[in-house]
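One letter stands for each residue in the lines below.
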Amino acid sequence: MIEARALSRVFGDAVALDGASFRAEPGAVTGFLGPNGAGKTTTLRLLSTFLVPTSGTAVVAGFDVRERPLEVRRRVGYLCENAPLPVELRAGEYLRVRAALKGLDRAGARRAVGEGLERLALADVERRLIGELSRGYRQRVALADALLGDPPVLLLDEPTNSLDPEQVGAVRELLRELATTRTVFVSTHLLGEAERLCGALVVVAGGRVVATGSPGELAGTAGGSLELAFLRLTGGVAA
Amino acid sequence: MRALWALLRRELLAIYSSPIAWVVLATFLLLSGIYFYEILWVLSRPAAPYGTPMAMFFGGSLLSYVPLLLFVSAITMRTFAEEEHSGTIEPLLTAPVGRNVIVAAKFLGAWIFYLSLWAPTAAYPLFLWSRADPAFGPIAAGYLGVALFGAALTALGLLASALARTQIVAAILSFGFGASWLLAGVGAAVLSPDSLGARVLRRASVFEMMDRFRVGIADSRDVVFCVSLSLLALLLCRAALDVRRAS
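If you read the protein sequences in the order shown, they are chains A and B.
Residue numbering for the first sequence is 126 to 364, as defined by this note's numbering.
Residue numbering for the second sequence is 59 to 305, as defined by this note's numbering.
If you're looking for bench data, these hints aren't it; they were derived computationally from the structure.
Cβ atoms here follow ideal geometry from the backbone N, Cα and C, with glycine treated the same way.
Stretch-level coverage of chain A by chain B, calculated; a stretch enters the list once three of its residues show a Cβ under 8 angstroms from a Cβ in chain B:
1) 171-179
2) 202-214
3) 224-238
Start from the sequences, fold in the hints, and give me the full structure.
Following this line, the structure appears as structure tokens:
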């Protein structure tokens, strides 16, 4: 479970996130929807403990991100924006390093890495250098890393970025399945992604949470069109 | 421990797969080989100065140390600055391991590389032993001295890399830290010899410290000084990582 309580983050004079409060629970994928620069990536960085909030806090998997960041990190699988990976390592090697960092023993790591490679269709690139992989493959390697160790909370920043249509479908299916027993929190700026993947939405604009609800509920506020509701909420068109 | 080993392995792979590491290694071996040859040439002359080849090899002049500052800066500049630049700092710092483990793995990786620069120079004392009977103690103490000096330089380089946003700034900052340390010894010479400042600077002087090590004096105060400086730099490095995420 994720619960953000008046979460704020300021960089110099710029307010990236301004008192955001929301919840995400297991059962369905929760989408964090907003236009570019709305504060989505900053929020995920705060929830993953990469950044420290300026004010407010969040509880992730039962632990406060300010007070118990290491406990939060033990329970979170995090896919960063643009999936940055060390280019000098081989894909399988990188996942084995990550499994060790996540506390898996040798046998557990071997099993988890094998499952990850199979789930994300990466077996054929296991021995290839990450620097030689396409963006789509890198995205899948980073996603496999997030899933290692079967964490109860998944924070995924644009998880279907750079994937081909077949892989997009497979990843959405996988995330829906994982969300039945885990908290899956997905940031996206794509309405189609939010509509097809998410059972609950948190809409953010200008660093503030402007609406929460299911895609159907939000669409219902604008005559059944999620696009129109989104544009109204985020200031894309006049209401 | 498993996390430290996994990170150290990753760090060593990153260092040894970098062309800079091999350029540094080759240049160090070339320069140290020329230096050792010249020492032998000077000592073989009839009017040779007093000294043993290995004692002169372990830091007879400023020229012995400046290239080391450059080499260590070249290796440590990437440790954190490159991770920041490429974005890989994010998955690294959100992994469920303490920041101390991350800093320790990066330090050990860079220090092991530094030690591997010196490892082939073991051929020089072996060469001397094949032809003469140099004392073992001063040679071992000399290697202990360069290892401790390298540990402190490496830790200062890591701190520079954690403070800087780009590798080039990290390298310049790292060189600046090392050069300041070297100049501490020079500073002692311009102060009144019995003043407190001069005594402190002499104690911190790399030249005076290496003068003791290379003649076989492994003074515990020098060991404590280098270890303390290394730990202080690593603690500041860890703090720099935390401050950047909070500011």
